[in-house]
Amino acid sequence: MNEQVLTAVVTAPGLAFIFLALGWMLGWTPAERTIVRITAFVSLVMVGGAAWMGYLMLATGQAQFYTSFGDWFRVGEYEFTFELFADHLSLPLVGLTSALVGIVGSFSARYMHKERGFFRFFMLLLLFAFGADLAFTAGSFDLLIGGWELVGLTSVLLIAFFNERREPVRNALRVFATYRLADIGLLLAVFAMHYLAGSSEEGHLFLGNWPAQHVSMSPFAATVVGLLLLWGAAGKSAQFPFSGWLPRAMEGPTPSSAIFYGAISVHLGAYLLLRAEPVFIASPIAAGCVVLVGALTAFLATLTNRVVSDAKTTLSYAAMSQLGIIFVEIGLGFPTLALVHLVGHAVVRTLQFLRAPSMLHDYRRVHAAAGGDVGRTGEHYEGVIPSGVRLWLYRFSLERGFYDSIADTLVVNPILKLSSALASLEPDRGPEHAARKPEPLGRPMVQEVES
Amino acid sequence: MNTFLQFDSLAMVSILAYMALWLIAVVAAPKRDLDRGGFTSALTILGGTVLAYASASIWGFIAGWVITQIPTLRKNSNLRPIPKFTLFTSAIALTVGAVLTGTGNDSLAWLAYSSFVVAALLRKGMFPAHFWVVSAFETGSLFELGLLMNSHLGAYLMVRFAVPLLPANALEALPLAGVLTLFTSVYAAVRALAEGKPRRVLALLCVSQASFILAGLENRNVEGITGALVQLWVVAFATTGLLGVYSALEVRSGEVESPRGFLGYGSVTPRLAVFFAACGLALVGLPGTLGFASEDLLFHGALETHPFLGIALPLATALNAITVLRLFATLFLGRRAAQCPQVPDARPRERWALAAPVVFLVAGGIFPGVFFALRSPAAERLVELLSGAL
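Going line by line, the protein sequences match chains A and B. For the first sequence, the numbering used here assigns the number -13 to the initial residue and increments by one for each residue that follows. For the second sequence, the numbering used here assigns the number 47 to the initial residue and increments by one for each residue that follows.
Take the hints with a grain of salt, since some may be wrong.
As the list claims (entries may be wrong) - Footprint (simulated), chain A over chain B, 3 or more residues, beta carbon under 8 Å:
{"no.": "1", "segment": "106 to 113"}
{"no.": "2", "segment": "118 to 126"}
{"no.": "3", "segment": "268 to 276"}
{"no.": "4", "segment": "411 to 419"}
Worth flagging that the hints you see were computed from the coordinates, not collected in a lab. Bear in mind the structure is a predicted one, so any value in this text is a computation, not a measurement. Ideal Cβ placement from N, Cα and C applies to all residues, glycine included.
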């Protein structure tokens, strides 16, 4: 029974997505009300299932729920087992995802009403829910990659939601490129797990129940795997040096920003580190790097947060900063604290994102009622810093930590130059077919502020 | 190999898959490509490919190989000299390999195997011969080139003849070929990033992803070789879908040939956009498609014998994914200019034909075991031959 419940929670959004996609391919475009009802039903199934498992976990002390579909495929000596499990780490996140899909679906029914991409939005929301649940409950890191990439893809497609404008499309491309570069770290980590530890299955790698797990890897193997996991996690959670993508992701509709960048998607990196916590216990070097990356991101994000002017971008830097602190907690070996922080942060940030549009309206009303001045806030801690340093930090923050220019200088431009140079070496191109500059992968955010 | 034809599982599965692919390509092809000459070319490529797949002797295979290349020699094939010359050279190299193998002289076995490898690399457009594919895609008929490339006779040559005939040489030479194909995968992926013309981008995508097939064969274990043989189908069906969608757009509007900025066709051709996205993402291993499973298998096959593949594959795939999305964005996202004429979405004929590779790739992603089971016997046989040569 419990196995079926876990299966239903994970597969419900995926099945709904397939059902709607097939219908659309056959020429059926459902009415808004139908789509909303289907999403609400899916959310109910997910919330009900997660609540039932949570109740059983509390009532019976059961450490985890587990279901296996057997071998997804088996070739030679390799078998890819399709196993799902929900434990003290994944169940809260599954429950959170389930609840937020319902809340965001309900909010979007009004917010996105009569929007041209209404159907597309809900389709992507369902696919995202499936991907997130799959990532959270995956029994192996191979399977986790599946959910991880679905979340990334839906995220990018929602950033480009208003694709009639150039900037969302260009920013979506930039975010996708960042995701893919960061995902290489996760893929290599899984490769290293197989190579150094013989498996990527959770049950094989980690012994015991979360959070009191340990790993049977050598310190060297743990360091390699840990650093590669950090590479992948930093990309998904917008940590240094991949932080530049998060403000760009604010181009999407507000409800998607809420669930992706306030709650679930952006926390997936932190979840990955929590899931692999024993690796970081076994490798102080990797754990130290997690702390360093988190602390650096938190510091840079909180600086930038103080100078940005629009509500959603402010929230994105605030989320980035909190995620940095969560990374620090993970690196210091406080997984339970990090999980509580993660869930609490996700809930608060979702509320803030969903409230942002009406909050601006309310703020203007209060501002007007107060005679045009509701008083300034802040400048408590800043006053301690010498003015010269403050000016320098202000300049640094205005440039948003130089993330984009550094990435362009060190990564994007050299690769594009190399690509063009290689093209010029090839014969048979013809004078009229010289390589043209492709569409840029997003322009620096600072230019947008200036414009 | 006393008979001229053989219909074992490798041949039968390959023939059936290719015929399905051919049918999809023909039904999806625009009328522009299906004039009398175009249809005759398609039939010629089909005949040559089936002959090559079913042939029990290397001479029959060579005949099939050459027949598939005949359409490229047509006056109105629009190909520049380099593609024609490269394909001709590949046929010569293949024939030299067959003649040297026939002599039975062990001292010439190396040369024979090298000739086979050269033929395969040229035909598949591996570095430094990749530019013939780019050149051909730029000027030729994508419909015919898709059929020619997706026969993957270069990979079939290695699986059916080169390795079984000369297993000892294969054992020693495969790593070299593997390195070259891996380099090609990354090289073509990097090259595609700065390309502006969709036809050239598609060519580089095909070359980069197809190079994993030969790289996978180099793994020398069942996992890697099976992954490579299934990757062959992924590349074949996904690129057939991509070329079909692109051709459909091209006949609707010439502006897609050399786009300046985002063209915004997604608002008027949403179904073509979905077909393109699904095929493109399957090509680069999107979870839920056969590409994900085949790349996972390739990845694990490389663990034992070729860890470098485990690094090159994610890198090239990541870059190719960026290219796919950039091309998708260029063609389908953005705002349509007000003065642009309206173009229709996928016609029913195109819709059914283009849905077929998507269904194949998604079904393969859900039940990959079925497709691996069809390919693993051939992989096991190849591994046995290589093990025997140790």
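We went through each hint and held it up to the structure:
Coverage of the segment 106 to 113 of chain B by chain A is violated [criterion: at least 3 residues with CB-CB distance below 8 Å; count 0]. Counting residues of the segment 118 to 126 of chain B whose CB falls under 8 Å from any CB of chain A gives 1; the rule of at least 3 is not met. Chain A is given as covering the segment 268 to 276 of chain B, and this holds because 4 residues of the stretch bring a CB closer than 8 Å to a CB of that chain, at least three being needed. Proximity of the segment 411 to 419 of chain B to chain A, defined as three or more residues with a beta carbon under 8 Å from a beta carbon of that chain, is established by the 3 residues found.
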